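All chains, full assembly: derive it from the sequences and hints.
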Amino acid sequence: MKTKIHKFEQNGTYILLDVNSGAVHVIDRMIYDLMDTFDGANDEETVSRWGGIYGADEVREAVGELHELMELGELFAPDIDVPPTFQQTGLVKSLCLMVAQDCNLRCKYCFGDGGSYGGERAVMSEEVGRAAVDYIISHCGPRKHCEIDFFGGEPLLNLSTVKAVTEYVRQREQETGKIFKLTLTTNGMLLNEKNIRWLNDNHISLVLSLDGRREVHDRMRPDAGGHGTYDRVLKNFRALVESRGGQDYYLRGTYTKENMDFTKDVLDIHAQGFDILSVEPVVLKDSPLGFTEEDLPRIYEEYDRLTEAYLERHRAGKGFFFFHFNMDLSNGPCVAKRLAGCGAGHEYYAVAENGDLYPCHQFVGREKYKLGDVFTGVRNRELPQYFRESHVLNKELCSDCWARFFCSGGCHANADLFHGDIRKPYEVGCAIQKKRLECAILVQAVMALERMGDDKNEAVSS
Amino acid sequence: MKHIKTVNKPTMQASLKKGGCGECQASCQSACKTSCTVGNQVCESKK
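Chains A and B are the protein sequences, given in the same order. Position 281, counted from 1, in the first sequence is what this note's numbering calls 281; the numbers after and before it change by one each time, with no gaps. Position 7, counted from 1, in the second sequence is what this note's numbering calls 1007; the numbers after and before it change by one each time, with no gaps.
Hints are not guaranteed to be accurate.
Derived pair list, reagent style DSS-like, types lysine-lysine, alpha-carbon separation capped at 30 Å [unchecked claim]:
{"#": "1", "chain 1": "A", "residue 1": "K434", "chain 2": "B", "residue 2": "K1018"}
{"#": "2", "chain 1": "A", "residue 1": "K434", "chain 2": "B", "residue 2": "K1002"}
{"#": "3", "chain 1": "B", "residue 1": "K1017", "chain 2": "A", "residue 2": "K434"}
{"#": "4", "chain 1": "A", "residue 1": "K7", "chain 2": "B", "residue 2": "K1018"}
{"#": "5", "chain 1": "B", "residue 1": "K1005", "chain 2": "A", "residue 2": "K108"}
{"#": "6", "chain 1": "B", "residue 1": "K1046", "chain 2": "A", "residue 2": "K434"}
{"#": "7", "chain 1": "A", "residue 1": "K264", "chain 2": "B", "residue 2": "K1017"}
{"#": "8", "chain 1": "B", "residue 1": "K1005", "chain 2": "A", "residue 2": "K4"}
{"#": "9", "chain 1": "B", "residue 1": "K1018", "chain 2": "A", "residue 2": "K264"}
{"#": "10", "chain 1": "B", "residue 1": "K1009", "chain 2": "A", "residue 2": "K4"}
{"#": "11", "chain 1": "A", "residue 1": "K285", "chain 2": "A", "residue 2": "K264"}
{"#": "12", "chain 1": "A", "residue 1": "K318", "chain 2": "B", "residue 2": "K1018"}
{"#": "13", "chain 1": "B", "residue 1": "K1046", "chain 2": "A", "residue 2": "K368"}
{"#": "14", "chain 1": "A", "residue 1": "K7", "chain 2": "B", "residue 2": "K1046"}
{"#": "15", "chain 1": "B", "residue 1": "K1002", "chain 2": "A", "residue 2": "K7"}
{"#": "16", "chain 1": "A", "residue 1": "K2", "chain 2": "B", "residue 2": "K1017"}
{"#": "17", "chain 1": "B", "residue 1": "K1046", "chain 2": "A", "residue 2": "K178"}
{"#": "18", "chain 1": "A", "residue 1": "K434", "chain 2": "A", "residue 2": "K163"}
These aren't lab readings, by the way, just hints derived from the structure by calculation. The structure presented is a predicted model; accordingly, all values stated were derived computationally and were not measured.
Here is the structure:
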C-alpha cells in the first residue's frame, strides 16, 4: 500500500497530512501516537494498544474523530492515478532564453561554467530570439498564458536582444491574443537608471541574485577579477526595487556548505530592505561547497530556526515572503500540474544562444539532451515523451513518498547530474525538500490557526 | 473536534476530474531556478 499519511512534530505542534487529499490536520499528541496503529479499520486494536496510556474512552473518542475525517475524504483518501486531465502530449508554455552565455561574475558554485555552459562564450542574436517567440506561439496550442525568461550567464550583457525579443513579443501578443509574462534573472552588476526604467516600462519581472551577508556574497560571487560585488549589486537592487514600488521581483540567494547558518543570510537580506525572498541549497557533485547526507542534521536544524524567525516576524507585523514557505494549502495546483512538475522537456524548454533546444537551462551543453532548434523544431520525439512520463507515479523512489504531490519528483537535471537518470532523484535534495515542505506546512497551519483565533496550546497541544 | 483541527479545504481529489488547463506559471521558471516546488504554487484559475 502506498504511503497515505505523513505525520511530524515541530516545536510542540503535531501535524497530520493526508497525502492523497492534501488535508492538513493539527492534532494532539494522542492522535499522533494513535496514527502508528490506526489504519481506518482497526478500532479495537487501536484502543487496545493505546487505552492503557490515554484511557480507553479517550481513545475511542479520538478514533471517532478520525472516522469523521475519513467520511469527509480527508483521511486515507483514495490513491491517485494519472488523471484524464493529464494530456498525453505536453504543450509548450515556457521558454528560457540563454541570451548571453557569458557572465561578468565568477560565482564559485556556477552550474553554467561561468556562463559559457562548457562551450565558447557567446550571445544570442535577435534573429534567434524572435524565432524562439514564434516557436512558443506555434506550439502552445489554445493556452493563453506563455512565459519567457531571459537568462544566462548574465542577460544584461545582451540587452539589445532582450529589447528586440520584448518588442516582438508585444507585437505578437496583439496579433495572437496570447499573454506573455517576461522575467529576467540578473546578478545586478549592469543595472543602471536607464535600463531599470526600460525594465519597469516593459513590465519585466526580475529575479535578483544576492547571497545574504556581505562576507558570504563576496566570497561566493566575485567579479571576473576576483573582487567582491556586494556593495555594487546591493546599491543597484535597492534602486531597482524602490523604482518599482517593491513589486514584481524575487531576491534569491544560494547557500552552500560554507553558510549553513543561512537564517542569518535570509534575515540580513530582509534587513537590507527586501521582503520577497528565496534562499536555497546549492546543488554540486563532488565539491567542497556541496552537501552530503552528513550535513542534513545541521540543515534541518537551520530550517527550524528559520521557521521560528519567519513566524516571529509575521506575528510582529514585520513579515516577509519566503518562497518555500509560501503555500496555499486549499488552492494549490491540480493533480495534472503536480504530475507535470516543472514541465522540463515537454512544457518548458531552454533555448541556447545558437537556437538549440534543451529540456531546461540546466541541460544546456549536455549534448545527449539536445532536442532540436527553434528554426526546425524538436526533432527528438522520444525524449520529450520520456520527460513527460517521468512523473512521480513512474519513479520508483517517488511513488511511495509522502511528498510526491508537493515536489513532483524533484529536479530532472539534478537527478541526471547525480545518477545519469532523470528517474532516480538526487537523495540529499529530496531530504532537504521534505524538511522544507514540513516547515512550510507547519508555517501555514500555525498561521491558519492563529487566524482562526485559536490557541493551539489550549486546544491541540498536550 | 476535540483532538483535531483541520486547517484547509483541500481540492486535490476534485481536481482529478477537472483542472489541467495549463494556464499556471511554470514552477521553476520565475521564482527560483533550482527547485521544482510545485506545491508552493496557487492554481491560476482560483486566484
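Hint check, failures only | Numbers 5, 7, 9, 12, 13, 18 - these are the hints that the structure violates, sorted from lowest upward.
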